[in-house]
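Order-wise, the sequence lines are chains A and B. The first sequence begins at 1 in the working numbering and counts up by one. The second sequence begins at 1 in the working numbering and counts up by one.
Bear in mind the hints are in silico, worked out from the structure with no lab data behind them. Certain hints may be false.
To be verified - Residues on chain B that point at chain A, a partial pick, calculated with CB under 10 Å:
(1) Lys50
(2) Tyr56
(3) Gly57
(4) Thr64
(5) Ile68
(6) Met72
(7) Thr75
(8) Gly77
(9) Ala79
(10) Ser82
(11) Val99
(12) Lys123
(13) Gly139
(14) Glu150
(15) Ser165
Nothing here was measured: the structure is a model prediction, and the numbers come from that model. Even glycine gets a Cβ: it sits at the ideal position worked out from N, Cα and C.
2 protein chains.
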Amino acid sequence: MNITTVGLDADDTLWHNETIFRLTQDRFVALLADHADRATLEARMAETEKRNLRLYGYGVKGFTLSMIETAMELTGGEAPASVVREILAAGREMLAHPVETLPGVDEALAALSDRYRLVLITKGDLLDQERKLAASGLGDLFAAIEIVSEKDREIYERIFDRHGSGAREAVMVGNSMKSDVLPALEAGAWAVHIPYAITWAHEVADAPDNHDRYGALASIADLPEWVAGRTPQA
Amino acid sequence: MNITTVGLDADDTLWHNETIFRLTQDRFVALLADHADRATLEARMAETEKRNLRLYGYGVKGFTLSMIETAMELTGGEAPASVVREILAAGREMLAHPVETLPGVDEALAALSDRYRLVLITKGDLLDQERKLAASGLGDLFAAIEIVSEKDREIYERIFDRHGSGAREAVMVGNSMKSDVLPALEAGAWAVHIPYAITWAHEVADAPDNHDRYGALASIADLPEWVAGRTPQA
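Produce the entire structure from the sequences given, and follow the hints as far as they go.
Printed below as a string of structure tokens:
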């Protein structure tokens, strides 16, 4: 059974993302330095994000709303208007941020797209992810783009049925053990973990034990060889 | 050439939406009554939304961010924190609002789904639209769901190719002349306009002149008969 389809996560797999969130969070810490230390602020922000995830889902707009809410809470409603305006500006800058692909991405995707169907599978704000894909210049390499509100077993089954030849003949590649690797393995696909330098707290999970369809790579540059190794030549 | 596929808009076509935005906007007017009259506030809010559309796209989260930004501008940054908290709360309430289908929707969709492939085609926040579809109880009637960042000719061509037998054998149904009717006609599909009581300023456009693939209906209850009339029986 050959691999026909390669699913790829986007943020922190193809291009930098969490770094930009962290830089914005640093700016947020500095803005509220008179009201709370970094540890307190980060803990409160994580609580707000978790509470709002059900309503806001993933992405920059929800992150911006949660920063404003956290600022209001931490200042007892005394946050100066300048703080709110700065947070709004930081959110807009994230949405307009240049897209920087990670080392090896362009070459790896070009090589893979010759032999496999590539499908982009990502969470986040719809328009923002479309913008980043367009800005990355990688759009033409993908046979399909799926921007989803959650990544679970059913989603991978449905996507690999729709755009490929089923999960058994697909591999999912990404930096999140929780969203990219574990549910794809549950769906019966192969899965490759390529860690990014930093991981959002909500995405942390343990690696699977001894799973024969699981691989871990240090760089996406090694992906074409890994996939070819799973595909016996005629 | 028979119609095989019926594309349906969601907000204000299947369920109430603009009404909820207007109620929130009324609350926003009341909150800032000391700073601006209704006309000024609505004009400024429309400007902010238009300016941000390119970055935020459509949906409740962007609307909430634009309300906060407008409040900050109109008060010269002197908006009390209570105003910001109220706006955040209003946004969350919109995202948790019960879904109320419009009269005749359930019966019309049940009748259509027996003979045609139904595809939901909507803009807005991903998670919010998925939630509303689930809450509407209509989810099982659709062969496919497409949540898109923009509705233009290319989008309709792509969706009706992917999920149907091409735009020539599809009809798009919705309350927006600009987003549902005109680009679907451009794509070569049929299009039916079913006006909602109120229309968001950004969605207003003139009806097409004398187009033989265009129809206007007062209620979705009349849709099954209209579609059947375009489909000669064997």
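Hint-by-hint comparison with the structure:
1. Lys50: violated (14 Å)
2. Tyr56: Because about 6 Å separates tyrosine 56 of chain B from the closest Cβ in chain A, which is inside the 10 Å limit, the hint holds.
3. Gly57: Hint on glycine 57 of chain B: holds, closest Cβ of chain A at ~3 Å, below 10 Å.
4. Thr64: Constraint on threonine 64 of chain B satisfied, holds at 6 Å.
5. Ile68: holds (7 Å)
6. Met72: holds (5 Å)
7. Thr75: With a minimum Cβ separation of about 7 Å from chain A (threshold 10 Å), the hint on threonine 75 of chain B holds.
8. Gly77: Given a least distance of 3 Å, the restraint on glycine 77 of chain B holds.
9. Ala79: holds (6 Å)
10. Ser82: holds (6 Å)
11. Val99: Hint on valine 99 of chain B: violated, closest Cβ of chain A at ~14 Å, above 10 Å.
12. Lys123: At 9 Å from the nearest chain A Cβ, lysine 123 of chain B passes the 10 Å test, so the hint holds.
13. Gly139: It is violated, given that the least Cβ distance between glycine 139 of chain B and chain A is near 13 Å, above 10 Å.
14. Glu150: holds (8 Å)
15. Ser165: violated (17 Å)
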